[in-house]
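Undergrad: Spelled out from the first residue to the last, the chains are:
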Amino acid sequence: MDTDKLSQRIRARFDHNQAKRVLREKYRAKMQFALSGGMWHAGPELITQCNLCLAHGHFNPVMADIHDNPVKVDAEELKTQALERWQEQMNAWHVEHEELRKQR
Amino acid sequence: MNAGAVIYATDGDIKYSALAKECARRVEYYLGIPSVIKTGSDTVKSTRNWADCDAKVQWRNGGRCNALVDSPYERTILLDADFWIASDCLKSCLDSSESFLAHNTRMYINEDAPRIEKFGALKTEMWWATVCVFDRSRFTQDVFDAWHMIEQNYTHYADLFNFDRYFFRNDYALSLALLLCNGGERPTASIPWPLLHVPDTCTVNWQQPIWQIEYLANQTPRRIAVKDVDLHVMGKRNLEKLCELH
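Going line by line, the protein sequences match chains C and D.
Numbered per our numbering, the first sequence finishes at 104, counting up by one with no gaps.
Numbered per our numbering, the second sequence finishes at 246, counting up by one with no gaps.
Treat the hints as calculated values from the structure; they're not laboratory data.
Only a predicted model underlies this, so the values are computations on that prediction, with no experimental measurement involved.
Hints should not be assumed to be uniformly reliable.
[Claimed, not checked] A few chain C positions that, by computed beta-carbon distances, are all more than 10 Å from chain D:
hint	residue
1	Asp4
2	Pro44
3	Gln49
4	Asn51
5	Leu52
6	Cys53
7	Gly57
8	Asn60
9	Pro61
10	Asp74
11	Glu77
12	Lys79
13	Thr80
14	Leu83
15	Trp86
[To be verified] If you want a taste of the chain C side facing chain D, the calculated C-beta under 10 Å gives, among others:
hint	residue
16	Arg21
17	Leu23
18	Met31
19	Asn69
[Stated by the list, open to error] Here are a few chain D residues that face chain C, going by a calculated C-beta distance under 10 Å:
hint	residue
20	Asp95
21	Trp193
22	Arg222
23	Ala225
No residue lacks a Cβ here, since even glycine has one placed at the ideal position from N, Cα and C.
Kindly produce the complete structure, drawing on both the sequences and the hints.
TA: In structure tokens form, the structure reads like this:
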């Protein structure tokens, strides 16, 4: 056992703030998805937009994707996929965040 | 959809062919698509220093501009062999209808936020050639033609945009090609998350499925652990570690 390496490793403190930042970027990436040729970010904003369209009877609205391309979508399908992905990834983020908090 | 990956690997100081095989395996496992491994140009384009290596490392990075010709697929992911895929995030780019996607933002694993890198005296925005997703459209053809032209006349473009002419970078050539093909305007479509780099100043230890990454922050040793995240691993020592894994 290389004691120098061992002591250096013990001294290297776990960087919680940095781990949290990397985790945020990882889950932001996982919240992107493609549908109807557009690229979308699953989150409250998109879900609210879909809800608004559906509430007013616009079932196939044209919406701007993250690249600002207008895309004709099925609002119900987009909402379902966005909601599922958002919650799935938020749950995974939460689990991993809790694991990281225990790291020393 | 007929989709797949093209990975370029030319052995030199680092056994990129070994890395490319592992990269292809990971592409199939995480993205569910096939790959082809291509040997890039054998010409040493330049040498570069890495923080973790005393001697200069030879750099053979030419020929990426042939990726469209080399790809047998309708939609292709062009990957550097040292890009370590550990998630299915890139699937969304395969399903997108955008003709050409590359990373515009990057974040070093020990940095506080994603940034857009700029190069040359004109502070031209950089688009990373590490991961590109493209179709076979006219626009994509134009991008690769421009990329090829810039590689062939690199000194001219280096003088024009005032950047280092001695060290060929595909990132610069791609950035200028995209700029040209967008009529001088900033391209709007990009891979919508940052490219995560593990710089050569970090030390990586792979304890499947977790990466332990150590670095210095204000001369103090720090570490983080990451898993299931795509990483661009830099540094000779770190890449040799990846080679040894397989």
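Undergrad: Each hint: holds or not?
TA: These are the hints, each one checked on the structure:
Non-interface call for aspartate 4 of chain C relative to chain D: holds, since the shortest CB-CB distance, roughly 12 Å, exceeds 10 Å. Its beta-carbon lying about 17 Å from the closest one in chain D, proline 44 of chain C satisfies the requirement of being farther than 10 Å from that chain. With a closest Cβ-Cβ approach of about 17 Å to chain D, glutamine 49 of chain C is found to remain outside the 10 Å limit, as its non-interface label requires. Every beta carbon of chain D lies more than 10 Å from that of asparagine 51 of chain C, the smallest distance being close to 23 Å; the non-interface claim holds.
Listed as outside the interface, leucine 52 of chain C is consistent with that label: its C-beta sits roughly 23 Å from the nearest C-beta of chain D, beyond the 10 Å cut-off. Once the 10 Å rule is applied to beta carbons, cysteine 53 of chain C is consistent with being away from chain D; the minimum gap is 21 Å. Once the 10 Å rule is applied to beta carbons, glycine 57 of chain C is consistent with being away from chain D; the minimum gap is 27 Å. In this structure asparagine 60 of chain C is separated from chain D by more than 10 Å, as the shortest Cβ-Cβ distance comes to about 17 Å.
Distance check for proline 61 of chain C against chain D: the nearest CB is about 18 Å away, which clears 10 Å, and the non-interface claim stands. With a cut of 10 Å on Cβ distances, aspartate 74 of chain C stays outside the contact zone with chain D, its closest approach being about 15 Å. Look at glutamate 77 of chain C: its CB is around 14 Å from the nearest CB on chain D, clear of 10 Å, so calling it non-interface holds up. The Cβ of lysine 79 of chain C lies farther than 10 Å from every Cβ of chain D, with a closest approach of about 17 Å, so its non-interface assignment holds.
Distance to chain D confirms threonine 80 of chain C as a non-interface residue, since its nearest Cβ pair spans about 16 Å, more than 10 Å. With 10 Å as the threshold on Cβ separation, the claim that leucine 83 of chain C sits away from chain D holds: the shortest Cβ distance comes to roughly 17 Å. With 10 Å as the threshold on Cβ separation, the claim that tryptophan 86 of chain C sits away from chain D holds: the shortest Cβ distance comes to roughly 14 Å. A distance limit of 10 Å between C-beta atoms decides the matter here; for arginine 21 of chain C the minimum to chain D is near 6 Å, and the interface restraint holds.
Given the 10 Å rule on beta carbons, the hint for leucine 23 of chain C holds: about 8 Å separates it from the nearest Cβ of chain D. The beta carbon of methionine 31 of chain C is positioned within 10 Å of a beta carbon in chain D (closest approach about 9 Å), and the interface hint is therefore held. Because the smallest distance between the Cβ of asparagine 69 of chain C and any Cβ of chain D comes to about 8 Å, under 10 Å, the interface hint for this residue holds. At a threshold of 10 Å, the smallest CB-CB gap from aspartate 95 of chain D to chain C is about 3 Å, leaving the interface hint in force.
Hint on tryptophan 193 of chain D holds. Least Cβ distance to chain C is approximately 4 Å, under the 10 Å limit. The beta carbon of arginine 222 of chain D is positioned within 10 Å of a beta carbon in chain C (closest approach about 4 Å), and the interface hint is therefore held. Checking alanine 225 of chain D against chain C by beta carbon gives a least distance of about 6 Å; that is within 10 Å, so the hint holds.
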